[in-house]
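Sequence lines, in order, name chains A and B. When you line the first sequence up against the working numbering, it's residues 4 to 508, in that order. When you line the second sequence up against the working numbering, it's residues 62 to 233, in that order.
Treat the hints with care, since some could be wrong.
[To be verified] In silico lysine-lysine, DSBU-like type, Cα no more than 35 angstroms apart, as pairs:
| hint | chain 1 | residue 1 | chain 2 | residue 2 |
| --- | --- | --- | --- | --- |
| 1 | B | K221 | A | K344 |
| 2 | A | K293 | A | K138 |
| 3 | B | K200 | A | K290 |
| 4 | B | K200 | B | K221 |
| 5 | A | K344 | A | K461 |
| 6 | A | K290 | A | K106 |
| 7 | A | K229 | A | K453 |
| 8 | A | K344 | A | K106 |
| 9 | A | K229 | A | K293 |
| 10 | A | K106 | A | K239 |
| 11 | A | K226 | B | K200 |
| 12 | A | K229 | B | K224 |
| 13 | A | K290 | A | K253 |
| 14 | A | K461 | B | K224 |
| 15 | A | K138 | A | K461 |
| 16 | A | K239 | A | K253 |
| 17 | A | K239 | A | K344 |
| 18 | A | K344 | B | K224 |
Since the hints were derived computationally from the structure, they do not count as laboratory data.
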Amino acid sequence: MIENLTLAFGMVASWNLLIVVLASGVYGIFIGSIPGLTATLATALLVPFAYFLDPLPAVASIITMSAMAIFAGDIPSALVRMPGTPASAAYVEDSYRITQSGKGALALGVGLLAAATGGIIGALSVMFAAPQLAKVALLFTSYEYFWVAVLGLTAAVIISRGSQVKGTIALLIGLFVSTIGLDISVGYPRFTFGNPYLLGGINFIPAMIGLFGLSQVLRDVIKPPKVPVPIRIHAKGMLGEAARTMWRYKTTAVSGNAIGIAIGALPGAGADIAAWVSYAVTKNSSKEGKFFGRGTGHIQPIVGCGSANNAGISAAFIPTLVFGIPGDTVTAILLGILIVKGIQPGPALFDTQAPMLYSIFIVFIVANILLIPLGYLAIRGSGMLLRVPSSVLMPIILAFCVVGSFSINNGLLEVIVMLCFGILGYVLERADFPLAPVVLGLVLGPIVEKNFMQSVIKTRWDLSQFLTRPMSATLIILTIVVLVYPGIQSGLTKVHSRRKLVVRR
Amino acid sequence: MISATAPNVDETADETADERDPSALPSGVIAIVVGAAILLYVRGFPSLPNGAPGPALFPGITGGLMVLMGVILVVRGIKNRKQSPVSAEKSEAVRWRGWINAGSVIGATIFYLLAVDFLGFLTTMIAMSILLILRLGAKVWVAITVGTLSTVAIWLIFDKGLKVPLPLGFWG
């Protein structure tokens, strides 16, 4: 333990890594604070860089970037009433109304502290839960991996917002695309139409860049958003008052953290869902719940949701590291990179790569501490962040999409894949299909198929093995729990229906 | 009341998104067609030596479920068409400008694909960026400055920093 920790500190304390962390932090704040540009898009555009880095800096860049982006999403919520990322959508009304009443600095300061503490507590949950779960995961065979992946797929659909039928179709699109290329049982080329480039399958990275990067560019140029003039805020002395407010609502913060960890750790559900659930819980448990989102707004939901979404972002690493099943879209993309680089996350990581894991934990803490100064600067310069015109920004993002997909393989085929997925992403979103299940389908598809085929070939199609093994049974029960989750969710929709915030972009 | 500075947030309560969704019918039909095409195509896949389903199994399940989901969407689409005819104004037409912009973005990408091996990365990307920034309504000097600087920055990051050999074209 101590030995590993010393090794880990040695790995983290390198200039290279620190520069990567700082740069991705600034990048995360920038993307997160622009309405419409999500943490997933930031991850997709970061992938070409991460691809060329060593595994630790690659993971570190994504951890730092996503923590910053999820906080920075609060900034346009408060200043122009447009959530910067979906994770801030739940409490946009409160942020904006508080800012209107002249207390914008407090709203953002509380958001910042809630984000940093949420991120750190989420990271602690990863540190304690992941190694314990890894011990269980070591006993897993292909049957259990099959069920864990099925659990991930189920969660991806059930918990996705909007129509579940459409969520399922989005998932099926991802699953279908993942079957393109040589099949794993007999090496038969599927859906390649004689094209040798497709034998290895559709490259995951350009697909993600297209699905989230190019599609956003298309959405933006087709219907340019009208960003109103931001409200000015005075940030002086805000952190002190914010800290006192956090202390006053400490139970809300703790419950927000717990919700964030629970939902973040669930495969397929991310920070935005965590924030919505936390909003509902905070509202129901608060005496002042009826004032939320009305009048001059209320600070309590910002404490709860701000704690929940950043805790969720951290906790999404639990299933990612332990089972190789992504906790949200950001970790799904990260997993895609790691697999492309030849690293298969899983319980073995905890045995063989302990120093590397401890380094990841340290990066989590460092990134969330760094969030405070960077976030503070971002709040002070927030007016400027929102003035970057999209006519200039979108062509630059397009250039990154093109070069990023090209650089993966030095080939134009990847650019074509990016273009196709960009158009697909735009069309899907325009018809109200969620995009997150597509990614999870793409990542989990091969895992489900490989473990299923291995299991049945091993036992000559004795399917009872999938049901009767004790651990499989547990996982089936978990899957069923997720399936009945909509019942729990109906409490949530009460809040939704009152004022559902549809961000039209 | 809320000030008029919030054009992008829709505050109407629409918990029944599923039932009023005008895209249900067309997306359902597309899902059925795609799913059926997958099902037809996988019939040509070989099975495992012992006769058990092999490469066709997973794509087959995917295609089958896609047809099923498509049918559900179509039924929903027909049902709500009977209940309430979709009003023309709800499906607010995206203006022509927007579609020309989208065409320019896609066209710029295709231009890059066709031209980069001949013109080289810097020339192609600078041209593409400047034209696109102009098309999106920025001033000429902004377009030229930003288009050139951003391309050079990207070139430095990828070609010099990450050692990705970007095409030189006839310059090389």
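Among all the numbered hints in the text so far, which are the ones the structure does not match?
Violated hints (numbers, rising): 2, 3, 7, 8, 12, 14 and 17; every other hint is consistent with the structure.
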